[in-house]
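Chains G and L, in that order, give the protein sequences.
For what it's worth, the working numbering labels the leading residue of the first sequence as 1, then goes sequentially.
For what it's worth, the working numbering labels the leading residue of the second sequence as 174, then goes sequentially.
In short, the hints are calculated from the structure, not lab data.
Just so you know, not all the hints are guaranteed correct.
As the list claims (entries may be wrong) - Reference excerpt, derived from the structure (chain G facing chain L, CB under 10 Å, subset only):
1) 7
2) 15
3) 21
4) 22
5) 24
6) 34
7) 65
8) 81
9) 83
10) 92
11) 100
12) 102
13) 129
14) 149
For each residue, glycine too, the CB sits at the ideal point set by N, CA and C.
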Amino acid sequence: MLHLSIFLFFGAICAAGAVNLLVQRHPINSALSLIAVMVSLAVEYLLLGAEFVAAVQVIIYAGAIMVLFVFVIMLLNAGVEERIEGSRVAMILGIPGMLVGSALVAWVLLERSGTSSVAVGSLPGYPKEIAGLLFHDFLLPFEVTSVLVLIAIMGAVVLASHPDSETQQKKES
Amino acid sequence: MAPITTLHYLVVAAALFVLGVVGVLTRRNVVVVLMSIELILNAVNLNLVAFSRIWGLQGQIFSIFVITDAAAEAAVGLGILIAFFRNKETVNVDEVDLLKW
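Excised from the complex, chain G in its bound form (with noise of 0.2 Å):
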């Protein structure tokens, strides 16, 4: 009763920072009610028991992925985003084609309801069994992201870096 309840709060506070994303304007609004979205995200995690996933999310996403976003937001100064008028194909392609979609999720998700429910807490995702799995099982797909993360460090520092500053340290050189 109260995990529903608690479960539905946070489902609402999800969808409609979702959408409150899509509605703003002004980017930052946007980046903020991204935050609301991931931290309720988070309730979720710890409602199905999975506490060290809901660490991971609040830490990483809402802390440093969001973080970096809501800089470059500040460093590039971009103001409220205009409107253009939107493309007739669009219009007639696109909404019947969403209603297609959402019929087809319907769909699936009432025909495969009988999935079944686990009380909460009766599958904790403890750090200790966390780290079991993804230092022995999994250890290879670990160190392989590690080397995604190096290379993905390596072209930001590189793609953000300016172009200039090379060439103006050899001059003053």
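Following the hints, position chain L against chain G.
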């Protein structure tokens, strides 16, 4: 009241996914498009964690991998955006046409 089933989580995740797709397709600001992609990845994460309640902890491991990929994607995407903004002084996706001829 009925207990929370996996279907509840699937409905929330489907809503987040659809809203993310709408954001990617309709918004002009590149930063908002990247944030909508984060929304889609979050929907996938919610599905993975919801199914990990039935099938074991592997889903949570994969959701951690997805979070790592999202961080890498955001870093590279925003780096590209800064490099692009330095050239063209705009953040609108429909004005990103440097590779068009």
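Answer holds if the nearest beta-carbon of chain L is closer than 10 Å to that of residue 65/G; otherwise answer violated.
Since chain L brings a Cβ to about 5 Å from residue 65/G, closer than 10 Å, the hint holds.
Once the shortest beta carbon distance from residue 15/G to chain L is found, is it less than 10 Å?
5 Å, holds
Restraint check, 10 Å cut-off on beta carbons, for residue 83/G near chain L
8 Å, holds
Hint residue 92/G vs chain L: min CB-CB distance below 10 Å?
15 Å, violated
Take the shortest C-beta to C-beta distance between residue 102/G and chain L; is it under 10 Å?
7 Å, holds
Interface hint outcome for residue 7/G [beta carbon to chain L under 10 Å]:
5 Å, holds
How about residue 34/G: closest beta carbon in chain L under 10 Å, or not?
5 Å, holds
Hold the hint about residue 22/G up to the distance rule: shortest CB distance to chain L must be less than 10 Å.
This interface hint holds because 5 Å falls under the 10 Å limit.
So, residue 129/G near chain L? Judge it on the closest CB pair being under 10 Å.
Holds: closest Cβ of chain L sits about 6 Å from residue 129/G, inside 10 Å.
For the hint on residue 149/G, does the least C-beta distance to chain L fall short of 10 Å?
6 Å, holds
Interface hint check: residue 100/G, Cβ to nearest Cβ on chain L, cutoff 10 Å. Holds or violated?
12 Å, violated
Should the hint that residue 81/G touches chain L count as held when the rule is a Cβ pair under 10 Å?
5 Å, holds
The earlier numbered hints that this structure contradicts are 10 and 11.
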